[in-house]
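Protein chains in written order, with my numbering: chain A, 1 to 830; chain B, 831 to 1000.
What the hints contain is simulated information worked out from the structure, not anything from laboratory work. The structure presented is a predicted model; accordingly, all values stated were derived computationally and were not measured. Using N, Cα and C, we set each Cβ at its ideal position, and we do this for glycine too. Hints are not guaranteed to be accurate.
What the hints assert, rightly or not - Not close to chain A: a few residues of chain B, all C-beta gaps over 10 Å, as computed: (1) 832; (2) 844; (3) 859; (4) 871; (5) 882; (6) 884; (7) 892; (8) 893; (9) 901; (10) 919; (11) 948; (12) 986; (13) 987.
Said to hold, decoys possible - Taking CB as the label site, the calculated pair distances span: (14) B:843 / A:710: 39 to 47 Å; (15) B:952 / A:552: 45 to 53 Å; (16) A:37 / B:952: 56 to 64 Å; (17) B:911 / A:106: 36 to 44 Å; (18) A:46 / B:911: 56 to 64 Å; (19) B:846 / A:155: 56 to 64 Å; (20) B:987 / A:549: 56 to 64 Å.
Stated by the list, open to error - Some but not every residue of chain B turned toward chain A, in silico, with C-beta under 7 Å: (21) 864; (22) 870; (23) 872; (24) 905; (25) 930; (26) 967.
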Amino acid sequence: MTAVDDRPDTAADGPAPEIGKARKRKEDAHLITGRTTWTDNMVLPGMVHIAILRSPMAHARITAVDVSAALERPGVLAAYTGRDFAEIQGNIPCAWPVTPDMVNPGHPSLAVDQVNHVGEAVAVVVARDKTAAQDALEAIDVDYEQLPVVLDMERALAPDADLVHGHTESNRSFTWIFESGGAGTGEPIQEVLDQAEVTLSRRFLQQRLIPAFMEPRSTVVQPDGEGFVMWSATQVPHILRTMLALTLNVPEHKVRVIAPDVGGGFGGKLQVTPEEVITALVARKLGKPAKYTESRSESLMSAHHGRDQIQDITITARRDGTVTGLDVHLYADMGAYLRLVSPGVPVLGAFMFNSIYKFAAYRFVCEGVFTTKTPTDAYRGAGRPEATFAIERIMDELAVELGIDRMELRRKNWIKHEEFPFTTVCGLTYDSGNYEAATDRALELFGWDDLVAEQAERRSRKDPVQLGLGISTFTEMCGLAPSRVLGSLSYAAGGWENATIRMLATGKVEVVTGTSPHGQGHETAWSQIVADQLGVPFEDVEVIHGDTQSSPRGLDSYGSRSLVVGGIAVVNAAQKVVAKARRLAAHLLEASEDDLDFANGSFTVKGAPGNSKSMAELAFAVFSAHDLPEGMEPSLDADATFDPENFSFPHGTHLCAIEVDTETGFSTIRRYVCVDDIGEVINPLIVEGQVHGGLAQGIAQALYEEAVYDDEGNLTTGSFVDYLLPSAADLPNFVTDRTVSRSTTNPLGVKGVGEAGTIASTPAVVNAVVDALRPWGITDVQMPCTPERVWRAITQGAEKSERDPGGTVAWGGASTSSSDGSSASEGDQL
Amino acid sequence: MTRVNVTVDGTAYTDEVEPRLLLVHYLREQLGKVGTVVGCDTSNCGACTVLMDGLSVKSCSVLAVQADGTSVTTVEGLSGPDGALHPVQQAFHDKHALQCGFCTPGMMLAACDLLRDNPDPSEDEVREGIEGNLCRCTGYQNIVAAVQAAGQAMRAGTDGSAAPAVQASA
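Required output: the full structure, derived from the provided sequences and hints.
Listed below in structure tokens is the structure:
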């Protein structure tokens, strides 16, 4: 698509609407000139610097910590152990107790008696500069008494398993269950399973990933009376403020949190971190401003990870291809502790495994498991990529099993356009969608038929470079979230969002938002929304965010919620401003409010076009307050809090063609087409960027990224040398387009786009890899589909296919061999 | 401590530095040039890229003492003296080649060196040329477009005034 809109700025009857324009971003000016305010740039008078000693052991008792030698080092002001903070540090909060009996073992910020993952904070040095603090870490003496590591989720649940936390009964945190018969949203799953004509089961592995935002986390704390001011590289300044107040027992009104420029998050900065708590404790103990900035290797070890599930999926169908039941059993690795929403992440996926398909019955069972690894929590998509991967992968497997074309199987089972609104087997009501339109457009852009012909030709001549074609017809739920739904899922907070609009005397406008952007472009997009609503120039709108003092109410940015919740709050606030302005205009124009038209920022008396008042004039009239309607307060400002009635449901069709060199196992994306339906678009330039970035992260899960632990629980991918973020040379040029099915549950008709690319792309790519390898009898390749794994799949598959034409699951690498044993043979009930 | 004389963004500095001090820390902590950032500790990400005598270097992989006698250009010195954006800055803005903006300074300076070496790169040449700079937000597509657009603008000489800012000036 063309990224830049070349429509003229003005039309005959006034300016063109701002919504829909590819406005270049307001945010860019300071970012491209280096006038940035990253937290680590912050320098305060008298500021001290913190370095953290981290555990080299995955699981050990701390028998002694001696910091005395560190205190002798030049420039060192203080050093602390967990014992020093034990009574005041509280626990890192978990806001999502998914079941009443969920086990939360507690999460000290600085380890006191025991370490439970490599990279856990053990001691702290404070010095006059960062180098002195880091140098002194080596002088700290820690005695560890090693404990057995707990790495494999299934073994961790065995009755005789070693325990991560000695004071718990098992390594199970929770078991969360949904069943459509019991919930009244569908038929009982067991009946459908028992009566199935075709049953197919697969095990898929969601590898552990690391969000790997580009800006390492950084925190500065300035003590202030009985409270403090914190600057932090966070996505969630508002949540952080409330949680810090509760955790540290400081009155909430004495805590101010500021998120200045924040360099990416992707869920990774949706957290209350041990490092934030430690920095606050140090600053308050010393009565001096303190800064902590992590190194990249610290970030990869100690900032929360994402994904890491074992997915056992059973799908049932009639022989004609009609799907009937879906039975999902997950093991979700929590890591060593529960962080802010760790347990909620896999549970969010519960509502998305059925995806766009009409199942009669559904069951979802998720077991949260503790291991001696870094805690997991939100990472772009958070529960929904896992679900989308599983359903889109098994739909391909079912198609092969039944001998039905993959796309035909999907068409046969998806919700038809005329069936919307549609209530799914797990009880969500999808308001709008058009899977047919998005798919048809994607197939056309992709050149599907030509690529199918090329694939057949390459197969027939046994070309060493084979072509695979992959499909992902996905949906997701965005706009976290209706507060009543969050309440029913036992989440501690709500899902509303707040906005305030202030009309300044000169007609300029300030928009205060509770969303907290860190790359998404809210300043630009919110300006466009307000420009249309108030009829003021785009340039006249200033968006204020990211400081709990200037933007006091909000629930921040995650879960593709900012536009569909926060943007609607902006609309509602603007409409209140207009209503107030209308009353004033009627007074000044000596007309009835009903006789006024509002267009292009002016109220005009119907039939008297010369008789008008602009928003700027009204703003000044309110400022001077000389002549107001009786009883009207001198303000046009308005505040709105919006709680959505439903999620929104973007969808789309993603197609991937991949060339697999069967001699080296190397995969190269040849063509990637996606047609996303995200409802109405505020700014196509920003939307394109969100889609591109999302695709990159989803493709990276399919082909490149994995957090790997060795047998002793060491993270062996603890730097960017080993954790493979794709570079420009690793990714293709994406072909993107959109269809538009307006959301019917919000006035802008928008759905959210932040996570779509990530959610949709992973199965499209893996389906393509597997498709290329079908002639070898291969039915799965574990992610990431590295050259080694693909080569092993081909080698083992080729050997095995002579004995077992039913196929094989090739999971390369020793680290996962223990999970083997549930490959695909259940489909033989045909 | 070792004395270094270095020109950064047109200003001459003389400082005593520890021999182990990295150029990026010298820029950020001693000169206050915080537009240049640190993204990793293994020279993989390229966020700290600056130009040293016109050639791109990862300033986390150069000692401050190695910069002695050189002229360094950071993102803060990329614009013209009148504030006019460099063609690379303009193109990054025009093509939406940044989201969070953390990789952007390094990415733009790597692009400057790439375009100095190859004023008219193909898409593949841009992708190879910026391989040493990681971006987590954009998926690179708009960055590639921006680099090519900047090359076109620089070839057309539409903004000759800003171009000398990236040349060696010491």
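Hint check:
1. 832: Fine: 16 Å to the nearest Cβ keeps residue 832 of chain B off the interface.
2. 844: Label holds. Min Cβ-Cβ 21 Å, cutoff 10 Å.
3. 859: violated (8 Å)
4. 871: violated (5 Å)
5. 882: Label holds. Min Cβ-Cβ 17 Å, cutoff 10 Å.
6. 884: Given that every Cβ of chain A is farther than 10 Å from that of residue 884 of chain B, nearest at about 18 Å, it holds.
7. 892: Non-interface label stands for residue 892 of chain B: nearest chain A Cβ at 17 Å, farther than 10 Å.
8. 893: holds (14 Å)
9. 901: Residue 901 of chain B is indeed farther than 10 Å from all Cβ atoms of chain A, at 17 Å.
10. 919: The claim breaks: residue 919 of chain B does not keep its Cβ more than 10 Å from every Cβ of chain A (closest is about 4 Å).
11. 948: Correct as stated: the minimum Cβ-Cβ distance to chain A is 15 Å, above 10 Å.
12. 986: Residue 986 of chain B clear of chain A: closest Cβ-Cβ about 18 Å, beyond 10 Å.
13. 987: Holds, since 21 Å exceeds 10 Å.
14. B:843 / A:710: 39 to 47 Å: Between residue 843 of chain B and residue 710 of chain A, where Cβ atoms are some 46 Å apart, the hint holds.
15. B:952 / A:552: 45 to 53 Å: The hinted range 45 to 53 Å holds for residue 952 of chain B and residue 552 of chain A, with Cβ atoms some 51 Å apart.
16. A:37 / B:952: 56 to 64 Å: violated (37 Å)
17. B:911 / A:106: 36 to 44 Å: Between residue 911 of chain B and residue 106 of chain A, where Cβ atoms are some 58 Å apart, the hint is violated.
18. A:46 / B:911: 56 to 64 Å: At roughly 35 Å between Cβ atoms, residue 911 of chain B and residue 46 of chain A fall outside 56 to 64 Å, so the hint is violated.
19. B:846 / A:155: 56 to 64 Å: holds (57 Å)
20. B:987 / A:549: 56 to 64 Å: violated (48 Å)
21. 864: holds (4 Å)
22. 870: holds (4 Å)
23. 872: holds (5 Å)
24. 905: holds (4 Å)
25. 930: Residue 930 of chain B check passes; min Cβ-Cβ to chain A is 3 Å, inside 7 Å.
26. 967: holds (5 Å)
The structure does not agree with the numbered hints 3, 4, 10, 16, 17, 18 and 20 stated previously, though it agrees with the rest.
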